[in-house]
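Number of protein chains: 2
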Amino acid sequence: MKSYADIAGFLPLQTRKVPGGPLAPEGFIGGAVNAGIKSEMSKRNDLALIVSTEAYTHVAGTFTTNKVKAAPVRLSQARLRAGEGTRAVVLNSGNANACTGKSGLAAAREMAVAAADKADIPVEGVLVCSTGRIGVPLPVARIREGLGRMELGRGQGGGDALARAIMTSDTFPKCLAVEVKTSGGRFRVGGMAKGAGMINPNMATMLSVITTDAHIPKADLQRLLRMAVEDSFNRITVDGDMSTNDTVILLASGASKIRPPEKIFFQTLCFVASELARMIVWDGEGVSRFVEVEVSGAASSRDARRAAEAVANSTLVKCAWAGGDPNWGRIMDALGYSGARMTESRVDIDYNGLPLVRGGEQAPTPWKKILTQAARPRLRVTVDLHSGPYRYEAWTTDLTEEYVRLNLGE
Amino acid sequence: MKSYADIAGFLPLQTRKVPGGPLAPEGFIGGAVNAGIKSEMSKRNDLALIVSTEAYTHVAGTFTTNKVKAAPVRLSQARLRAGEGTRAVVLNSGNANACTGKSGLAAAREMAVAAADKADIPVEGVLVCSTGRIGVPLPVARIREGLGRMELGRGQGGGDALARAIMTSDTFPKCLAVEVKTSGGRFRVGGMAKGAGMINPNMATMLSVITTDAHIPKADLQRLLRMAVEDSFNRITVDGDMSTNDTVILLASGASKIRPPEKIFFQTLCFVASELARMIVWDGEGVSRFVEVEVSGAASSRDARRAAEAVANSTLVKCAWAGGDPNWGRIMDALGYSGARMTESRVDIDYNGLPLVRGGEQAPTPWKKILTQAARPRLRVTVDLHSGPYRYEAWTTDLTEEYVRLNLGE
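Those protein sequence lines, which keep their order, are chains C and L. The first sequence begins at 17 in my numbering and counts up one residue at a time. The second sequence begins at 17 in my numbering and counts up one residue at a time.
Treat the hints with caution; some may be incorrect.
Which copy is meant is left open, because identical chains are indistinguishable; a pair holds if it fits in one copy or across any two.
With a cut-off of at most 30 Å between alpha-carbon atoms, the simulated DSSO-like pairs for lysine-lysine come out as follows [unchecked claim]:
| no. | residue 1 | residue 2 |
| --- | --- | --- |
| 1 | 234 | 59 |
| 2 | 118 | 384 |
| 3 | 54 | 385 |
| 4 | 197 | 83 |
| 5 | 279 | 385 |
| 6 | 118 | 54 |
| 7 | 385 | 273 |
| 8 | 273 | 83 |
| 9 | 197 | 33 |
| 10 | 54 | 384 |
| 11 | 118 | 33 |
| 12 | 234 | 54 |
| 13 | 118 | 385 |
| 14 | 279 | 118 |
Read the hints as simulated data drawn from the structure, not as lab findings.
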């Protein structure tokens, strides 16, 4: 089985991992239950609720840029714009409540009402996330009934149970928490995410809820989340290619009474968001390789991004990775049609640090060495265009026969 | 086996098919030979030459927009810019002569010299096309030797032999010719093409040579070819996503002495180019379905194209087609992230003429009827955004496990 350990990033200084995922920070309770949303026969939990126990919780959110937005996204965006009092998120799998028209919006509202009753807070305090099949009416009665049976608490296993309840085609739950020691005291950031089959540019839904007990001024929270998402979840999407339901929510309870230096909080938030994003990529359907594509030396940041995304999303390049074939011709081809300014004779490409292309032609590195690297489950492809100072890094995977088989239809 | 008949378009009026492909029009001779370009052991022809016997032949060409251009593309572009006297094209498969630096350009020049010797015309008269593996030196000596052995002639089977010599992963040769009756007399347009594995957005090389014995003023030829390519080969590419070697060349010998009305010639040229483009799509690696995606009602022509290409290139949509699953949620999702202006509640989608979505929600068409259409090898997906007067049509295929298997590497 796949393990997150195979692709984990480096822990920042003064930081240690702790159990509990989104329930690890102080001031949060949650629960998960099987509401039979997809089918009454299913044995898996499919409904989760996370609530801050602190009245002065601050909340930020980033949402899909898709012009077709699911009902829960429209509801949550409106609630966050309206302002104060938000402190809970209710999430379901098995049904995306997308392309469901006006009745879908009414169903999302009813789901929020049921969650507010359970958490004993005003309905304005509840955000909603849904993931699953598009175009099917949401079974609200089952959700209400499921929330009635739900037990809210903390407990170290709780975060993992929440992460499991939002899984769709995910093969493992995605959650993580860290504790950071600062001169002023300790604070925690935790989070969970779901997403698989998310081989861009055509992602399945990505949902994430991140929590912290740090005290972060409301004015800063949205900006910090946006920047962190840019450095993490957005590395695995292509310019605006988002599903109808994509949502990242950050709740700051302030329960630790610590207000860490902004730089340290941001670094920690980025770490948690990045690790969750990497787990999503790694859990892509049928994925056998995790690939970091870094393009440097670009003439603009847009060029760097375009070039990296063209390589990361070329079906031919991705098939070659699946086959362990370091086919640099396909990479050159993708760079060439990316739209980024470039000169063929200046391009350098490295495979896991080994020179593969120098000046647009094959480097003298022994092919056997390259093949050994190409066979590893973790690849780092670095491209230097030698045309400017800008860089961008995208995270992607190979494309396997299994991916296609899994997506033939339901 | 796949047959072109399964996806053929409608013949224009006063037009009939004739054998001979690019050698069907008067004033052309050609030949094909096995030069052992990829390997000396191969039993397949891999080198072709087509020559106009008329001194006043007019030639036009369109080339890849990829910033990484193969040596033969750079050579042919320079020759066409330089002007008069072009009347032959030499083509090889097995080696793309791309990413080969300065020695690659020298090799393309030597290949032209050898072809000019064979055709007994000045070297400036020869254009060069190559397709095959990138980054490998072109074996020029074998090409020279092969051209020495080649027999040039007409003969009805000749066009087919030429089309076979430029095949790479193609499973069938692509050639076609038609004869058109006008009040002034008869003229012919013929052509051949290669390309497969060309499941956009990451196409393998597409080459095509189209010939005609109509007399077309040089000043018009390039414009007409560009418009015809826009209506045919460009329907199967995504905005600028072209391989390093893509080339379409049109030679007009004038040997019929007929100067047809421009409209009739253009319609015929479009028909031949479209049919060749459809053959290329249909021969995509592992393809089981040919899909026309039409988007109408867009707010701009750019919006129409973006929307059609987003649907045509969504890996999730293409996997659903492979599975015979009319998953309209994935289509809505792709429309939503395409960047085209749209309102979810106005979108209509039809599957082979059956209403699938009306006003952004599932239409009441019996699902069994839809499934029957979704199982056919030929699909027409029509989307009406009801947001303006613009339309665009893209041609694509499904995405199967076999496609991935074929592209794991060489």
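Here is how each hint holds up against the structure:
1. With identical chains, the CA atoms of residue 234 and residue 59 are never at most 30 Å apart, being 40 Å at best within one copy and 72 Å at best between copies.
2. Taking the shortest alpha-carbon separations for residue 118 and residue 384, only the inter-copy value of 26 Å comes in at or below 30 Å, while the best intra-copy value is 60 Å.
3. For the homomeric pair residue 54 and residue 385, the shortest alpha-carbon distance between copies (25 Å) is at most 30 Å, but the shortest distance inside one copy (48 Å) is not.
4. Taking the shortest alpha-carbon separations for residue 197 and residue 83, neither the intra-copy value of 42 Å nor the inter-copy value of 50 Å comes in at or below 30 Å.
5. With identical chains, the CA atoms of residue 279 and residue 385 are never at most 30 Å apart, being 40 Å at best within one copy and 59 Å at best between copies.
6. In this assembly of identical chains, the alpha carbons of residue 118 and residue 54 lie at most 30 Å apart only when taken from the same copy (21 Å versus 61 Å across copies).
7. Proximity of residue 385 to residue 273 under the C-alpha cut-off of 30 Å is found in neither arrangement, the shortest distances being 53 Å within a copy and 62 Å between copies.
8. For the homomeric pair residue 273 and residue 83, neither the shortest alpha-carbon distance inside one copy (39 Å) nor that between copies (55 Å) is at most 30 Å.
9. For the homomeric pair residue 197 and residue 33, the shortest alpha-carbon distance inside one copy (12 Å) is at most 30 Å, but the shortest distance between copies (79 Å) is not.
10. Taking the shortest Cα distances, residue 54 and residue 384 sit within 30 Å of each other only across copies (22 Å), while inside one copy they are farther apart (49 Å).
11. In this assembly of identical chains, residue 118 and residue 33 lie within 30 Å of each other by CA distance neither inside one copy nor across copies; the values are 43 Å within and 54 Å between.
12. In this assembly of identical chains, residue 234 and residue 54 lie within 30 Å of each other by CA distance neither inside one copy nor across copies; the values are 37 Å within and 65 Å between.
13. Taking identical chains as interchangeable, the C-alpha atoms of residue 118 and residue 385 lie at most 30 Å apart only when they sit on different chains, with a minimum of 27 Å there against 58 Å within one chain.
14. In the homo-oligomer, the alpha carbons of residue 279 and residue 118 never lie at most 30 Å apart, since the shortest distance is 43 Å inside one protomer and 50 Å across protomers.
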